Amino acid sequence: MTSRLFQFRGGVKPDSHKTESSETPIVHVPTPSRLVVPLIQGSQGGARTIVTLGDKVLKGQCIGEAEGATGTAIHAPTSGTVTEIGRYPMAHPSGLASQAIVITPDGEERRIIHEPFDFPDTSRDELIFRIQASGIVGMGGAVFPSHIKAESEIKTLVINGAECEPWITCDDRLMRDRAADIITGASILGRLTGAQQILVGIEDNKPEAIASMMEAVRSVAPIAHEYENKITVVPVPTRYPTGGEKQLIRVLTGLEIPAGTHAAKSGVQCFNVATAHAVCRALLYGEAMTSRIVTVTGNVERPGNYEVPLGMLIADLLAFCGIRPGSNRVIMGGPMMGFVLPSLEAPITKGSNCLIATSPEFFPPPPPEQPCIRCGACAQACPSQLQPYELYWSSRAKNLDGAKRYHLFSCIECGCCAYVCPAHIPLIDYFRFAKSEIRARDEEQNAADRARERFEFRSFRLEREKAEKAARLAAKAAETRAKAAEATATTHAASGNEAENGKP
Amino acid sequence: MSYLFVILGAVLVNNVVFVRILGLCPFMGVSKKLDTAIGMGLATTFVLTLASGTSYLIDHYLLVPFDLDYMRTLAFIVVIAAIVQITELVIHKTSPLLQQVLGIYLPLITTNCAVLGIPLLSAKESYGLLESLLFGFGSAVGFTFALILFAGVRERLDGADVPLPFRGVPIAMMTAGFMSLAFMGFAGLDRFHH
Amino acid sequence: MLAALLVMTGIALVLGTALGYAAIYFKVEGNPLAAQIDALLPQTQCAQCGFPGCKPYAEAIASNGAEINLCTPGGDDCAHKLADLLGREFKPRGAPVEKLKTVALIDEQSCIGCTLCIQACPVDAIVGSAKQMHTVISRYCTGCELCLPPCPVNCITLEEEPRTPQNWRWKYPITGLKVVT
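Protein chains in written order, with my numbering: chain A, 1 to 504; chain B, 1 to 194; chain C, 1 to 181.
I should point out that these hints are in silico values taken from the structure, not numbers from a laboratory.
Because the structure is a prediction, the values reported are computed rather than measured.
Please note that a few of the clues may not be correct.
To be verified - Quick partial rundown of chain C residues pointing at chain A, CB under 10 Å, derived from the structure:
1. A39
2. G53
3. K55
4. K101
5. V123
6. K131
7. W170
8. K171
9. Y172
10. P173
As the list claims (entries may be wrong) - Pairs of lysine-lysine, DSS-like flavour, derived with a Cα cap of 25 Å:
11. K55/C with K93/B
12. K476/A with K466/A
13. K398/A with K101/C
14. K435/A with K101/C
15. K32/B with K81/C
16. K171/C with K398/A
17. K404/A with K81/C
18. K265/A with K404/A
19. K435/A with K32/B
20. K81/C with K435/A
21. K398/A with K33/B
22. K91/C with K32/B
23. K171/C with K435/A
24. K131/C with K171/C
25. K171/C with K81/C
26. K398/A with K32/B
27. K55/C with K27/C
28. K466/A with K27/C
29. K435/A with K33/B
30. K398/A with K435/A
31. K171/C with K101/C
32. K398/A with K91/C
33. K265/A with K155/A
34. K27/C with K93/B
35. K33/B with K81/C
36. K32/B with K404/A
37. K101/C with K81/C
38. K131/C with K466/A
39. K230/A with K265/A
40. K93/B with K404/A
Backbone N, C-alpha and C define an ideal beta-carbon position, used for all residues, glycine too.
Based on the provided sequences and hints, a complete structural model is requested.
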């Protein structure tokens, strides 16, 4: 169908380090002694607890209802008892705590009984509601709620199996081992969004995954039958960051998504392969999202891909995989976009795709930073076609407006600029800093505007009340005066009459 | 042709800031941001052109006939200040947009040295009305040009790794010095004039 | 000599008259500057500047030339912005105010429902009625502390907004010392 591939500008080719973890099948991790399930798992909102302390829950039972239109539900990853609802540190660069439900498993893994779900006879709204109620969010790492994306109406559906970041292989392994479910999920998403074609983009450094997916497309009849022969697996050249949403869309369709807009506006929508898999499990088998595949690699005894119940503590998972002594840090996500975990006592969440235990041999400390000489290497590598050296200059000087003028918010933080920088400047750190400062400043500005509006309305209200009170008093005074005048008039008249009467 | 040289000479060869070293207070003071530099430049262009014209009229029709050349400085100050004030009042009332661009800068430059110096110079050169206007306008464009260039450099300096003792005004002074040196390069343009 | 005196007096008279008339004819009602100043103030409506709110303070700066460094929540940053806008000399505010955003919290057990705090709140962020428990809409609260003094039972406290991964900010990158070889 699409015979021609396109190119995006920029990008880099780091060492892939995929084979360390990609050669063994997915391993089921036994349920640990404690699971910590955070309430907020999506990027646009969280869930509201619907269980109380001491409740017995079954595997797959909803324990947190989606809050608002953009929140997503959470479910018990195993059967057990709710033993605590409190604040726990999160797998987040800040290491700050967030509200979570703690479940102590009973080890029986009793599942909630799912009602049979008849996909072809269910309305679109019901299906989209199911996606939200099953707690499905984008599993590539951005955790954007999938039901919002599925609501859009588009022409081309892109399934993202590029997995361009080094070290990570969870999508690769998923495509090799569970290709049929991914294809089924893709066809369901295709029907929801009304797409005319489905393109599965896979980087050509994963030949096994490509073969397995092509085989699945040939052999599995898609549940949404209109996609027979309309699903194409497209091998794409290996170049980081092909797996970025805008980059993959560009490569597959040639479309350039305008800055500041969503892909849906251009008639394309992009889902990760793991998200398609989760949609299939949720809508055809009624399984809510309770586990995910996590790549554990780097300085560990048994690197590989693990199916981990959500809420398992990272320390427990690393112990299970045999973290080697001498590991100095653990990176969540890949080496390009990931962050160093401040604490290993944080739980695995829906967006945790990879853990890399680092040691000085694997990841030597970066050479010292040198001054920027504006060589422009970063601008050539930037896949968003920005000028990172200008962004860096403004961010460093805390010139937030300047950074905004150079389109800081088009930056996808892919790390290409920092990777190629000959002066070893941690550019992404500066951009993240500037972005969060701008967001905070905008929030403050909004709060100030709100306060000004309310203060002015209050002043207006007080004025009005004063005027009304004055008017009331005046009316009352006028009334009394009128009454008094009337009274005097009558007395006058009376006395006048009297006087008249008294006149001889 | 000579009009062109009046303008070119005022903008580049005898740049009011870099060569004549006039109008340094706004040049150092209002050049921290590009936006304010542009506003200041526009306001100065406006005032300076106006001042050149009125000063010529005062000089030609009042001072010279009565042989009062020695009163120029005094008379020019009074007239320019008053004219600018009146203009500001008019703009304030009639054009909110112009007021937003020029408003806060107008009072600042009523009698800055460039605004006074340029009419005095053109009186000394005994320019005609059109030449005076062109000379005033050209000088102001030169001023704006210098201010915008300098503001651009200073915005960049904000992010630069300047050694502590040189931060702020010292590095700005040095930059101004280098730019002044660079403008000396235009001196050769004068050759075509003669 | 006489000519000089006459000419200068003449110029002064003409210009003076023109200026005087211009001031009357082109008088502008309202002060657009006040709105610009107001936009720079933090809108906590805390009245710590001595004026009954941010807008009154802005008007005072614009018309009476009140000092530009009176805003406590805005701190030196705000004074700098005002100095830039007005072309005035920056005056330090004193010790910089670096505190986290705070929000008033009413201890609902001790609240007697006197409505005094409701009247004190400059942004109508407290709801409740007489003899009923009051509560603060934390989204609208500016942390101005104006509700603290009127409360007869001292049941209002200011709580710092908790730090969560959602409102956390990335730190300015600290670069290690350079190794000079």
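Hints versus structure:
At a threshold of 10 Å, the smallest CB-CB gap from A39/C to chain A is about 8 Å, leaving the interface hint in force. For G53/C, the interface hint holds, since its Cβ comes within 10 Å of a Cβ in chain A; the closest pair sits about 6 Å apart. Hint on K55/C holds. Least Cβ distance to chain A is approximately 7 Å, under the 10 Å limit. Satisfaction of the interface hint for K101/C is found here, the shortest Cβ-Cβ separation to chain A being roughly 8 Å, below the 10 Å cut-off.
Using the Cβ-Cβ criterion of 10 Å, the hint placing V123/C at the interface with chain A is satisfied: the shortest such distance is roughly 4 Å. Interface hint status for K131/C: violated, as the beta-carbon distance to the closest one in chain A is roughly 21 Å, over 10 Å. Among the interface hints, the one on W170/C holds; its C-beta lies about 4 Å from the nearest C-beta in chain A, closer than the 10 Å criterion. Interface hint status for K171/C: upheld, as the beta-carbon distance to the closest one in chain A is roughly 7 Å, under 10 Å.
Among the interface hints, the one on Y172/C holds; its C-beta lies about 5 Å from the nearest C-beta in chain A, closer than the 10 Å criterion. The interface hint given for P173/C holds, since its Cβ lies 4 Å from the closest Cβ of chain A, which is under the 10 Å cut-off. For the proposed pair K55/C and K93/B, the alpha carbon gap of about 23 Å is at most 25 Å, so the pair holds. Distance hint between K476/A and K466/A is fulfilled; the C-alpha atoms sit about 15 Å from each other, no more than 25 Å.
Annotation: proposed proximity of K398/A to K101/C holds, straight-line Cα distance about 21 Å (limit 25 Å). For the hint pairing K435/A with K101/C, the CA-to-CA distance comes to about 20 Å; that is within 25 Å, so the pair holds. For a cut-off of 25 Å, the pair hint linking K32/B to K81/C stands: about 13 Å separates their Cα positions. Between K171/C and K398/A the alpha-carbon distance is near 12 Å, which keeps this suggested pair within the 25 Å criterion.
Pair hint K404/A plus K81/C holds up; C-alpha atoms about 19 Å apart against a cutoff of 25 Å. For the given pair, K265/A sits about 23 Å from K404/A by alpha-carbon distance, which is consistent with the 25 Å threshold. For the suggested pair K435/A and K32/B, the alpha carbons sit about 24 Å apart, so the restraint of at most 25 Å is met. For the proposed pair K81/C and K435/A, the alpha carbon gap of about 22 Å is at most 25 Å, so the pair holds.
Restraint check for K398/A and K33/B: satisfied, since their Cα atoms lie roughly 14 Å apart, inside the 25 Å limit. In summary, the hint linking K91/C to K32/B is supported, as the alpha carbons are separated by about 18 Å, within the 25 Å threshold. As the CA atoms of K171/C and K435/A are separated by approximately 11 Å, the hinted pair is consistent with the 25 Å bound. Only pairs whose Cα atoms come within 25 Å are accepted, and K131/C paired with K171/C is rejected, the gap being roughly 47 Å.
With a CA separation close to 24 Å, the supplied pair K171/C and K81/C stays within the 25 Å bound. Between K398/A and K32/B the alpha-carbon distance is near 15 Å, which keeps this suggested pair within the 25 Å criterion. Of the pairs offered as hints, the one joining K55/C and K27/C holds, with about 22 Å between alpha carbons and a cut-off of 25 Å not exceeded. With a C-alpha separation of about 31 Å, the suggested pairing of K466/A with K27/C is violated against the 25 Å cut-off.
A distance of roughly 22 Å separates the Cα atoms of K435/A and K33/B; the hinted pair therefore holds under the 25 Å criterion. Restraint check for K398/A and K435/A: the C-alpha separation of about 11 Å stays at or below 25 Å, so the hint holds. Straight-line distance between C-alpha atoms of K171/C and K101/C comes to about 18 Å, which keeps the hinted pair within the 25 Å bound. Proximity of K398/A to K91/C is assessed by CA-CA distance (about 22 Å); at most 25 Å being required, the pair is judged to hold.
The suggested pairing of K265/A with K155/A holds, with an alpha-carbon distance near 10 Å, which does not exceed 25 Å. For the suggested pair K27/C and K93/B, the alpha carbons sit about 7 Å apart, so the restraint of at most 25 Å is met. Between K33/B and K81/C the CA atoms are separated by roughly 13 Å; this keeps the pair inside 25 Å, and the hint holds. For the given pair, K32/B sits about 19 Å from K404/A by alpha-carbon distance, which is consistent with the 25 Å threshold.
Between the alpha carbons of K101/C and K81/C the distance comes to roughly 20 Å, so the proposed pair stays at or under 25 Å and holds. Straight-line distance between C-alpha atoms of K131/C and K466/A comes to about 24 Å, which keeps the hinted pair within the 25 Å bound. Of the supplied pair hints, the one linking K230/A and K265/A holds, its CA atoms being roughly 22 Å apart against a limit of 25 Å. The straight-line distance between the Cα atoms of K93/B and K404/A is roughly 35 Å, outside the 25 Å bound, and the hint therefore fails.
The structure shown violates the earlier hints numbered 6, 24, 28, 40.
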